[in-house]
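Enquirer: What follows is the residue order along each chain.
Number of protein chains: 2
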Amino acid sequence: MIRSRIEALQTIMKEKHIDVWMVCTADYHQSEYVSDYFKMRVFLSGFTGSAGTLIVTQDHAGLWTDGRYFIQAEKQLENSGIELYRMGEEGVEDTLTFIQNRLPVGGTLGFDGRTVSSAYGKQLTAICESKQASMAIEEDIADGLWENRPALPLTKAFVLEEKWCGESCSSKLARVRKYMDEVGANYHVLTTLDDIAWLLNVRGRDINSCPVVVSYCVVGKNEVHWFVDSNKLVDIQEYVNTLGICVHGYDEVYDFVKTLDGHVLYDPNKVNLLLGKSIACGIEKENPTVLMKAIKNEVEVENLRKCHIKDGLAVTRFIYWLKKNIGKFEITEITASDYLDERRKEQENYLESGFGVIGAYNANAAMMHYSAQKGSEATLEPHGFYLIDSGGQYYEGTTDITRTVVLGPISDEWKMHYTQVLRGMMNLSRAKFLYGCRGMNLDILAREPLWNIGIDYKCGTGHGVGYLLSVHEAPNGFRWRIVPERNDSCVLEEGMVTTVEPGVYIEGSHGIRIENELVCRKGSKNEYGQFMEFETITMAPIDVDAIDFSLLSKEELAFLNAYHKTVYETLSPLLPKEEADWLYEVTCER
Amino acid sequence: MIRSRIEALQTIMKEKHIDVWMVCTADYHQSEYVSDYFKMRVFLSGFTGSAGTLIVTQDHAGLWTDGRYFIQAEKQLENSGIELYRMGEEGVEDTLTFIQNRLPVGGTLGFDGRTVSSAYGKQLTAICESKQASMAIEEDIADGLWENRPALPLTKAFVLEEKWCGESCSSKLARVRKYMDEVGANYHVLTTLDDIAWLLNVRGRDINSCPVVVSYCVVGKNEVHWFVDSNKLVDIQEYVNTLGICVHGYDEVYDFVKTLDGHVLYDPNKVNLLLGKSIACGIEKENPTVLMKAIKNEVEVENLRKCHIKDGLAVTRFIYWLKKNIGKFEITEITASDYLDERRKEQENYLESGFGVIGAYNANAAMMHYSAQKGSEATLEPHGFYLIDSGGQYYEGTTDITRTVVLGPISDEWKMHYTQVLRGMMNLSRAKFLYGCRGMNLDILAREPLWNIGIDYKCGTGHGVGYLLSVHEAPNGFRWRIVPERNDSCVLEEGMVTTVEPGVYIEGSHGIRIENELVCRKGSKNEYGQFMEFETITMAPIDVDAIDFSLLSKEELAFLNAYHKTVYETLSPLLPKEEADWLYEVTCER
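In order, the protein sequences belong to chains W and Z. Take the first sequence: its letters are residues 1 to 590, numbered as in my numbering. Take the second sequence: its letters are residues 1 to 590, numbered as in my numbering.
Because the hints were derived from the structure by calculation, they are not lab data. It is possible that part of the hints are untrue.
Derived lysine-lysine pairs resembling DSBU-like cross-links, with alpha carbons at most 35 angstroms apart [as the list claims (entries may be wrong)]:
1) Z:Lys554 to W:Lys554
2) W:Lys415 to Z:Lys432
3) Z:Lys522 to W:Lys458
4) Z:Lys432 to W:Lys122
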């Protein structure tokens, strides 16, 4: 099926004299998660990971993805004829080098110009210029191949009240306009869906797991233009009117931007190439909303604490259920994660899951972003590990938590791996550091216990988390390399929320990950500067059955005991007695 | 005295219509250590630290220095009328901002254009342009104020044989020319004295503690031009002839560079402004020799190991002497460091000390780069700490070691401080990390034990070390912030030598620093990549009398025991029996 789709695409390419055709993951807004309409790369390649680029020449097809997805992509590309390019591995060409090498002189490179950022588009343009090649970017030539392509999303937008978000839209607009003044901008073109949602205090259900409204926004000095299907606004028309937002059709932004007179602030890494080309006089900078929304205000932080109690309750009840019932009746990767899903749905103010759950048994957990598929899912047995990485979208925020649950006997090696992962997670969580530190300064605290035994995980240690928005949010994160396009190396500011999730992934054997979320807080200030620290807001027990306590330092053990004490005291009053008693057993002082 | 010098300078400034006059620390080669001729900033301000900038206006004088020197500068500037600007502290203007703010529109900024790098000169030029101001950079207007100014240095150069340096000059030139080809350069203008010494395999004694030959060098594709007082070459004329090096007068480089036809590779951060202005068609890049000389070859590393045995022997004998005799007869900061100096001089192939020794008792040690002055030196008493930071220049390399020696009773708090410093030093030393890491990824391993108790040290954790060259060498180091002008954040490569020297500095009370040198080595390589690790080459005991062993983790204690075992086994056969027996006592397993 995939083979024939690629061949059909190659036929069209030949007809249209296109030598290289590229299919990116993004929608027109450079979203990480996209609605089904935009999943052309999945349709053409069969690879379902959240990051990947398909590049097809007239006689070859390749798919690029990163370390999280190597194992998954290998499986999904089997027999497709598509070659897997493992990004970041020694000797592997990156996409630009590949295009540079394969695009013939005087040839044509094509892609949908709305799915590529202006910045990346400029690099592609430079390659084409170096080859005297043309670019075909106005049309998605594969569109016709996709029978029954899903429609563009159309869901009803809703307002996120101030008791949830803590700051009015007017106040946020004032901050953005202050920044526009500072950089001398008359307009700001904003296309990233989470930034628009944050700025306007609106949410929608256009994209699974990320409650945004597919739209564009242009902020002027005195007006706001919102390019959005007006059918989405039926429930919030009054709010829109009160704020004086001018509503335009979704597609009208391309022509509108051409009419802007003055300096236009935009982020070339986010605004798509077609739209970017419409901006006459641009000021290229990161959207100021990126930093603003990453720094959660006190209302948001307080809501997040409540949110994590509810979410932790769901996870704790799930772990209890799983530990009690494993071996008693059949539980599969899917029925297990469904059970957790049910527990989350019971929670107040819960909207939906925050991302596709990863519920993976033993060897399946070695695939970092494994997703169990009906029919091929594993049955859990009373031995080994079940890794479950999940989260929820609540009015009180977005959660992301991973626990690796011991289902029965495990080897000493697995126990050692688990303990080193836990040590790394705790050592980063309990860091105290001077203001000015970035994730790259702290990352080794999580990684060192694994590096010491010659093991690494091929991804960052943690990422920023949105507030009722994307579970992956810039510009904070923990990663030892600076990867500019990831934009996760900012100075850690008070109020930023970041996950910490080291792991061990042994192909064909097992996977371990333990993930908490941390809020960055101010610590003491003295002659050396402002010290910073983390507050752990995730609230669920860590499976002590897999810990080799002889490996823990005094400080690590003290952290674990203190964390478990907090978990018990917070959750036990909300649990049935039997579950509270069990929670005491698994969290009491070691 | 200082007041009258500044006033005399201000008088000249008024005569010459110069509004702002800047005096930097550097010589014409941007050297860190400079020969006495160049110590104009010391002459005018009285501040003797190795880093600082004096800026004088017609009615004000200010001195900028960094955290290492705050306490020292405060003392030395007392009653001078010169204001201290603590670089890096909140709200303190940097030098450029100060000049921007104080230089009047249409005014004149002046400095000796040979003492400022081209890159910094460009920033100053931009400020002057923004103010329609002039620059006076051809003349050092303060020269006439300095009666009996020392002469330019004139010492005999010597050849560093291949058994010491491990690679011939021809081989090094071939590597430099290969790089010149890669970047399309016809010539390479090299002005940094350690790079010239490394490239030509020559050394001299022109600068105290840094055995270089004050000179300039221009590498062509087939020829080498060396601009150096020919009187320095009497002992190496044959070597120079054999290599076919064209010798020119020292000052002739300025005119010579103007005649170069083609692309000229030069480092604008190193080549001085006057010389940089003579380059018609420049390729601005770091000198390729910086990375080449930082990566010590196997001959150098093997020599360094021998070097550190000799150096460690001197330090060990010194500690023995100090611990045995403290309280028995008067020992001062200076007689103590003199004793160590004598022990170093006994070692084979020793040339001179590697930098001004820091021998500081208790509160004096809180000044990071304290230098005891005859008359004001402290007498050591049988309690507290004596910190001694010193090193030597040997044919087998350059050493840099700090030990803090317990002279008698110390408080629990001092013991705790000492132990946290030691833990940091050991935790960085025993790091295992993936290839690609930079010092900023690892720095927190040394700093965390101190950050955890709310203490910081206002400097990097460690610096690269030259081979019979400067004790501070780019581009490797340990520092959590990226400070571009320090150029110490490169990827750590096998063969690089870096110090690790965390510390505690409590003003008016005490200072603690423990410093070893580490050689970066390759560890295991597996599917995760190339792991790297450090070999500690410093070979001297760490004072166990100040350790609170209850604070050490199992891994830390194991590292200390293993290190001490190596120290004992290496040094004891070379010591008199009584000292070997003592060494056993202070290094045996804890």
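Enquirer: Now look at each hint and say whether the structure bears it out.
Expert: For each hint, the structure was consulted:
1. Z:Lys554 to W:Lys554: The hint holds at about 10 angstroms.
2. W:Lys415 to Z:Lys432: Judged against 35 angstroms, a Cα distance of about 21 angstroms means the pair holds.
3. Z:Lys522 to W:Lys458: Between Z:Lys522 and W:Lys458 the Cα gap is close to 20 angstroms, so the pair holds against 35 angstroms.
4. Z:Lys432 to W:Lys122: Given that 35 angstroms is the threshold and the Cα spacing comes to 39 angstroms, the pair is violated.
Against the hints set out earlier in the document, a violation occurs for number 4 only.
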